[in-house]
Amino acid sequence: MKQIKKVLVANRGEIAIRVMRTCREMEIRTVAVYSEADRTSLHVRYAHEAYYIGEAPSSSSYLNIERIIEAAKKSNSDAIHPGYGFLSENPAFARRCREEGIIFIGPSPEVMLIMGDKIKAREAMLLAGIPVVPGTEGSISDEKEALEVIHQIGLPVMIKAAAGGGGKGMRLVSREEDIEQSLRAARSEAMAAFGDDSVYVEKYITSPHHIEFQILMDSHGNAVHLFERECSVQRRHQKMIEETPSPLMTPELRKLMGDTAVAAAKAVNYLGAGTIEFLVDNDLNYYFLEMNTRLQVEHPITERVTGVDLVKQQIQIAEGMQLAFTQDELVQRGHAIECRINAEDPDNNFMPAPGKVHKIKEPSGLGIRIDGYVYEGYDIPIYYDSMISKLIVWGKTREIAIQRMRRALYEYKITGVKTSIKFLERIMETKDFAEGKYDTHFIEKNRDSLTQEIEVGKEIEDMAIITAYIDYLERLSKVYSNIREFQPAHSRWKKSPQILHF
Amino acid sequence: MKQIKKVLVANRGEIAIRVMRTCREMEIRTVAVYSEADRTSLHVRYAHEAYYIGEAPSSSSYLNIERIIEAAKKSNSDAIHPGYGFLSENPAFARRCREEGIIFIGPSPEVMLIMGDKIKAREAMLLAGIPVVPGTEGSISDEKEALEVIHQIGLPVMIKAAAGGGGKGMRLVSREEDIEQSLRAARSEAMAAFGDDSVYVEKYITSPHHIEFQILMDSHGNAVHLFERECSVQRRHQKMIEETPSPLMTPELRKLMGDTAVAAAKAVNYLGAGTIEFLVDNDLNYYFLEMNTRLQVEHPITERVTGVDLVKQQIQIAEGMQLAFTQDELVQRGHAIECRINAEDPDNNFMPAPGKVHKIKEPSGLGIRIDGYVYEGYDIPIYYDSMISKLIVWGKTREIAIQRMRRALYEYKITGVKTSIKFLERIMETKDFAEGKYDTHFIEKNRDSLTQEIEVGKEIEDMAIITAYIDYLERLSKVYSNIREFQPAHSRWKKSPQILHF
Amino acid sequence: MSVEIKLNNRYARVELLHQNNNLLKIKVDETVYDIDLMHTDDGTFSIIENNRSHDIELVPLDQPKKYLAYTLYKTFDVEIIDAETRYLLDRLGGHLDSDEKHISSPMPGKVVKVLVTEGQEVSKGQTVIILSAMKMESEYKSKVDGKVSKIHVTDGDTVEGNQVLIEIE
Amino acid sequence: MSVEIKLNNRYARVELLHQNNNLLKIKVDETVYDIDLMHTDDGTFSIIENNRSHDIELVPLDQPKKYLAYTLYKTFDVEIIDAETRYLLDRLGGHLDSDEKHISSPMPGKVVKVLVTEGQEVSKGQTVIILSAMKMESEYKSKVDGKVSKIHVTDGDTVEGNQVLIEIE
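Chains as they are written, first to last, in this note's numbering: chain A, 1 to 502; chain B, 503 to 1004; chain C, 1005 to 1173; chain D, 1174 to 1342.
For the record, the hints were derived by calculation from the structure and aren't laboratory data.
The structure presented is a predicted model; accordingly, all values stated were derived computationally and were not measured.
Ideal Cβ positions, reconstructed from N, Cα and C, are used throughout, including at glycine.
Heads up, some of the hints might be wrong.
[Said to hold, decoys possible] Dumping the calculated PhoX-like pairs for lysine-lysine here, alpha-carbon to alpha-carbon at most 20 Å: (1) B/Lys924 - A/Lys361; (2) B/Lys858 - D/Lys1179; (3) A/Lys458 - C/Lys1117; (4) B/Lys960 - A/Lys361; (5) A/Lys396 - B/Lys915; (6) C/Lys1147 - A/Lys458; (7) C/Lys1139 - A/Lys458; (8) A/Lys422 - C/Lys1010; (9) C/Lys1078 - C/Lys1117; (10) C/Lys1128 - A/Lys356; (11) B/Lys960 - D/Lys1179; (12) A/Lys361 - C/Lys1069; (13) D/Lys1198 - B/Lys924; (14) B/Lys741 - D/Lys1198; (15) D/Lys1247 - B/Lys960; (16) D/Lys1283 - B/Lys858; (17) D/Lys1198 - B/Lys960; (18) C/Lys1010 - A/Lys458; (19) C/Lys1139 - C/Lys1128; (20) A/Lys356 - B/Lys924; (21) A/Lys413 - B/Lys863; (22) B/Lys858 - D/Lys1314; (23) A/Lys356 - C/Lys1114; (24) B/Lys898 - A/Lys312; (25) D/Lys1200 - B/Lys960; (26) A/Lys356 - A/Lys118; (27) A/Lys361 - B/Lys915; (28) D/Lys1179 - D/Lys1274; (29) A/Lys356 - C/Lys1145.
[Stated by the list, open to error] Short, incomplete list of chain A residues facing chain C, as computed with Cβ under 8 Å: (30) Arg29; (31) Gly154; (32) Ala353; (33) Val357; (34) Ile360; (35) Glu362; (36) Ile460; (37) Ala464; (38) Ile465; (39) Leu473.
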């Protein structure tokens, strides 16, 4: 067992700070790495030490294994925490750390290799007796074989061109009598488009819920799960809101899926924190989707209901410590929801909106947690993810958590860049969400009401007009009286003496 | 039962915002009142409505019953929440609300009258069988009677001049053989100083702990306690740090004192949230000190370990609802600590330090809650309390909570006014505090190490010198090249192009 | 002084009738408001109107006299239409900019690929340039039939928000 | 340009030796630092020196060339001692202010009671004025034996921080 004294965080943004916060609590020194675009980013200022590792594009910096290893060696770091994204699931990086004698805070490169490969991961899960989405193992070019497979899987199924893409050669089949015709249409369309009529067949999940289980496994073979996270509110296949417990979950299913997740971790001899993602249908059938061999963006909701600091667990497991708790000692208490605050324009197809943050007012008080990294005057770079902060609330019940989230989103004010805040506020007010009745189609299904123009009334409009008017008058008065004296930032509330001249 | 739809908060600062936050979650409209000094204070901006109630001194505004009632009527508020301080324990105000048909969120004026009078409160508690600090009921002018009382109470005792003040005629007696001589000395000193030799005798608590119990009681006679808060870290008899559970507490004592607190609430037919303050000595004897018939500053630590929103409970009780939980359903989970951030100078006897806040960086992340109200550019008025924010942390254990508090205090940066932040950070590092071995003498006892000059090393000094140097060079370059162009606040990180000229 | 102000598509006439420090009497179209207005140097406004408390953030845009006003539920484009602006508007026949003939970047980003060359004929709806920002690529199409008159960027360039990339005539 | 800078009681000589954008070579007394320095308009400094990350807040005070520098664990008084400051220092024989003969308010507050009158003799340690701020009263004493030459405030006045209240000669 080796005590970690200095950690290099091979990441940026909120997750770099999240990791460093726990390091500071554990009295571990922190080392930041940064690209040229990130010299003024908060993780550089938060860390004890900071190393420049290259140009702004990730490929030159945050994906640059050589530069990161060099910084780790120069700083005498015992360990590297990869965060999420970037090199966090890169087996070559994990292997390189091992070769250099630096602890990689995460699983072995061997596990990452398996889980990074969809087919190998599927095989490993099948071997461990864990359900996967039923479908053909490879492509099928024979019609009879295809028919057999479809009957075996059961309707509805999705037929996809093996060489496909762009929706061509794709058919959803829901009724028995449509099977043959759909298969033929798909194959001929595939042939026309790609010159190849072989197809895949996969079970179609009608109302899919994206539910994942957090697991922890130490180097002594102990593994636990920390319950589920419901991640079905997605846009462009990216999660937007997560909550735990899942409104869909039953205690029986939770136990079953939790045990499955632990079995999956044990099957691959996992190490550290990981997440097993499942698809769950309305009949509560569940299927292994993939395993993320790292910390998830949405890990704080699990921390809130279980009281466990997952980053601390990662570090202690990397040090070789045994898990300090058993499955029985873990309990979900209350309800936690996370909203991702992105610099994006929800009214314009969630187009990213990098740029300079003018002002920020963050929510606070009972049941609120914020994991963010941007500050006033910070220029959100174009090179990286659009997520600028995570707002996590806790309530004794789901209803209270939603009420609290609405209050928190009301308090959250960011100007200068477009954000998802108001869109998230509308989701909280949507009936289907309030009732917990939603699947991954939720945003698409409610798009109209979520993006509908709000009527605020003439008075609010008039007040907005007045603010611009006052500013204009003051600027004019400054020009004419030639007053240009220095005024420190945020210096004072004005009583507008200038406009007396008008 | 009457549903409250609009609440006037007869207070300012962090507690006004604290109350309004819960109101917003309950979809109750909020009404702020403000003095002339508070036009730009955050509670005015946070509320739905705002009413001016008078000049800056509290006596003209926040203690002005007529103006507040007038605002409540004009705004059609159903209820008034008094916060803490100001009118919160004023029976005349509570009675006036009752007369006007406005719900006062708190107990009846009758209860406030009893608890507001030390002697009546003591009598009520004795009647309910609750221990009070042993001592003479009135003053004693006969030496023989005094000796009897002292023997009855048991050593150590404090003898105080009945007409006294300023320490004159005061004697601490710890040894049997000193009783008579001390009594005589005290009496003759009292006679010399005040022309009256009558004295009080009170049990002297050698190592006093200030421990209080939170109670809730509804209008149907149901009462519960929400465990203790340890409030012994005090300066100038004002609490500075509070935590729960108390490091001193045992499960048996907790049950006993909790039951006592509930009995006390029932004895006076209490309504709403209240706090019973006790003195506890090192032998775990406890004595009723006083009852606060309102929300306490330190209520958030109780909220954190029990998961109960105390303001919501206050409002629901005022609506006539029954408590939604029984004593058995309440559990303390983990450990919570609150640090009070005051605008004051710990190096100069905690002298208040009002003034303009230059910049604020607040801590955030796992286990952190902040209840504050000041913002960048805000001018902290001289008229009110120096507390500008409360930092509350939670950890699974006391040790983790302390580590987290240190991390949070590291992150908390306020410039422009002096604050208690660094002093609090040192308390977290003090051995006696870390070990939970402290009483109300803690700060006095550790004053030297807490206010000792810190050595930071020459490099840090040099960096501070360099920042001033760079600023000076830039100012000079602006003067000489006559560049005075408008630069928006927090607009950008500079690469100091100007200083190329040097 | 009476000024015309545009809020989204609404035009309003505003006039300060009276001032006593932070207490203002202001007329917006036909409505007269008595308000208590305070603000910081950097555009945080607190207005109390008929005891209602409004918190508004006013953010000046790069173009002069244009703002974004963030109210509780909605953000408005606000523009001062004074004599100068009016003159420009009149001269341009009601159009301050010829948006349709310019392809501009809606946000800061990077040019992935310019798909046309100067002098090339393009038709309405034809993709002319691909930009990327924050791991997302977006295609930009010509809004008119025409000829590419000027290309201001090349592949790999970093661009600002609202920068003109390609002009079509 | 070499400048003398006072930090608390230490005097240091500082000189910029070389600059390449945000990369500076600076000499403080005998130590030469190669640093990467960035800062905002309002005084937040990020300095990376030998890969150590320093966050310093520099707050200008009301007096020119005086600052408070907030480092992680300690706040310093910093003052630029340039030719002008040096001249003033020399002229005053090393004392920029005659603090001992002035009773000044250490913080904003309110005058509760002035206990002396102009012309009155006072002795060292005698309480001359009581101020209050934030519910706390404080007594201020004369630091010298002398005569009250000027009283600038009366009971009930509101005072700023560092305002001279009473002069003693």
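Violating hint indices (sorted, rising): Failing hints, ascending: 1, 2, 3, 4, 5, 6, 7, 8, 9, 10, 12, 13, 14, 19, 20, 22, 26, 28, 29, 30, 31, 33, 34, 35.
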